[in-house]
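**Student:** Chains as they are written, first to last, in this note's numbering: chain A, 1 to 113; chain S, 1 to 206.
Just so you know, these hints were derived from the structure itself, not from any lab. We put the beta carbon where it would ideally sit given N, CA and C, even for glycine. A couple of the hints might just be wrong.
To be verified - Simulated DEER-style distance windows between Cβ atoms:
1. S:Glu134 <-> A:Lys85: 25 to 35 Å
2. S:Ala5 <-> A:Lys85: 19 to 29 Å
3. A:Trp63 <-> S:Leu4: 19 to 29 Å
4. S:Val192 <-> A:Leu94: 26 to 36 Å
What the hints assert, rightly or not - Pairs of lysine-lysine residues, derived as DSS-like cross-links and limited to a Cα-Cα distance of at most 27 Å, are as follows:
5. S:Lys69 <-> A:Lys66
6. A:Lys80 <-> A:Lys103
7. A:Lys66 <-> A:Lys103
8. A:Lys46 <-> A:Lys66
9. S:Lys90 <-> A:Lys46
10. A:Lys80 <-> A:Lys66
11. A:Lys72 <-> S:Lys90
12. A:Lys103 <-> A:Lys72
13. A:Lys71 <-> S:Lys90
14. A:Lys46 <-> A:Lys72
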Amino acid sequence: MPEPFEELASLDRLVHEPARLAILTVLSACESADFLFLQRLTGLTKGNLSSHLSRLEEADLIWIRKEFSGKKPRTIVGLKERGRKAVDQHWERLEALREDTRKWRPVPNLGTP
Amino acid sequence: MYNLARIRYVTRHYNDLQGLTMVPLALFFLTWAGYDAGWISPPPWLSNEWLLVGASATVVGTLGYTISKLYERAYGRIEAAPHHIPQSHKREFWIWWSAYMVAFAFLPAVYPQVSRLGLLISIIIFMEWRSRREARHWLILALWLAALSLVPILDGVRGPIYPSATVRDIAIKLVTAAGFLVISTIDHLTLVRTLGPIRREEESRA
Chain A
1 MPEPFEELAS LDRLVHEPAR LAILTVLSAC ESADFLFLQR LTGLTKGNLS
51 SHLSRLEEAD LIWIRKEFSG KKPRTIVGLK ERGRKAVDQH WERLEALRED
101 TRKWRPVPNL GTP
Chain S
1 MYNLARIRYV TRHYNDLQGL TMVPLALFFL TWAGYDAGWI SPPPWLSNEW
51 LLVGASATVV GTLGYTISKL YERAYGRIEA APHHIPQSHK REFWIWWSAY
101 MVAFAFLPAV YPQVSRLGLL ISIIIFMEWR SRREARHWLI LALWLAALSL
151 VPILDGVRGP IYPSATVRDI AIKLVTAAGF LVISTIDHLT LVRTLGPIRR
201 EEESRA
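The following block holds chain A by itself, in its conformation from the complex:
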């Protein structure tokens, strides 16, 4: 496999999945966000969002806290230091990849065999 594709294939899929990347990007831009905000921003269903959050929590990238606002339960989510590093590194790699792909040139057609 050519080098740039190897690099693409080696991206951390846990972070690279679009919905999880959106969640981590949101959390990297604030201290914490509640479940409703994440749901509205990502457009995911409750079940889907819960499942993505569980995966990120299992990977120790985020923390989840339950609390009550009056009588209503609220789920607050924040990024752990490990998660912040993971998402920052991921964006750096994507940026580097983008720069690399700009240097690509089409292979000249040497004629039919």
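Keeping the supplied structure of chain A fixed, place chain S upon it in accordance with the hints.
**Tutor:** Frame of chain A, contents of chain S only:
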């Protein structure tokens, strides 16, 4: 597909983008202009100036808080990250702040026709823009108000620009009210474009 740049912007400035919370402030300036112009008058029990100011501040604050709660119920809540302002930005901030304060303190002393109120509102709006550079509509309003406040300096050239200080202040208050309505709409629409229309809270917050 997600527009991650917009997601970042909305998350960073979620609380600032709750545009409708500014509508009571716009109505306050509109009412103030109307009061100055004699179009409306407060009820007799509010004839004391300080009582009027206190009542207005309470009404504006309460309405703003209620609207922010509506946003919270529709879109949820975030705890904003602390601002990390680079050293160069801090220096730039102090240069701008000093320049504005000099203008605020000295210009009206030299040119009494210059509006202190307009300059003050302009400074506050300008500083809000400094913390959110993408929001150019805030900068435009700040510059408009600064220009309206400073334009009487040219009074000597072709006679007075404003017939009187009252007319000048009414103009500034009306422009502030209209400007607040426009920028609050722009901010609100940015939020709606990213988070979807305001609707009743989901059945539960999970």
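**Student:** State for each hint whether it applies.
**Tutor:** Quick rundown of the hints versus the structure:
no. : hint                             : result
1   : S:Glu134 <-> A:Lys85: 25 to 35 Å : holds (26 Å)
2   : S:Ala5 <-> A:Lys85: 19 to 29 Å   : holds (21 Å)
3   : A:Trp63 <-> S:Leu4: 19 to 29 Å   : holds (22 Å)
4   : S:Val192 <-> A:Leu94: 26 to 36 Å : holds (28 Å)
5   : S:Lys69 <-> A:Lys66              : holds (20 Å)
6   : A:Lys80 <-> A:Lys103             : violated (35 Å)
7   : A:Lys66 <-> A:Lys103             : violated (48 Å)
8   : A:Lys46 <-> A:Lys66              : holds (15 Å)
9   : S:Lys90 <-> A:Lys46              : violated (42 Å)
10  : A:Lys80 <-> A:Lys66              : holds (16 Å)
11  : A:Lys72 <-> S:Lys90              : violated (41 Å)
12  : A:Lys103 <-> A:Lys72             : violated (53 Å)
13  : A:Lys71 <-> S:Lys90              : violated (43 Å)
14  : A:Lys46 <-> A:Lys72              : holds (16 Å)
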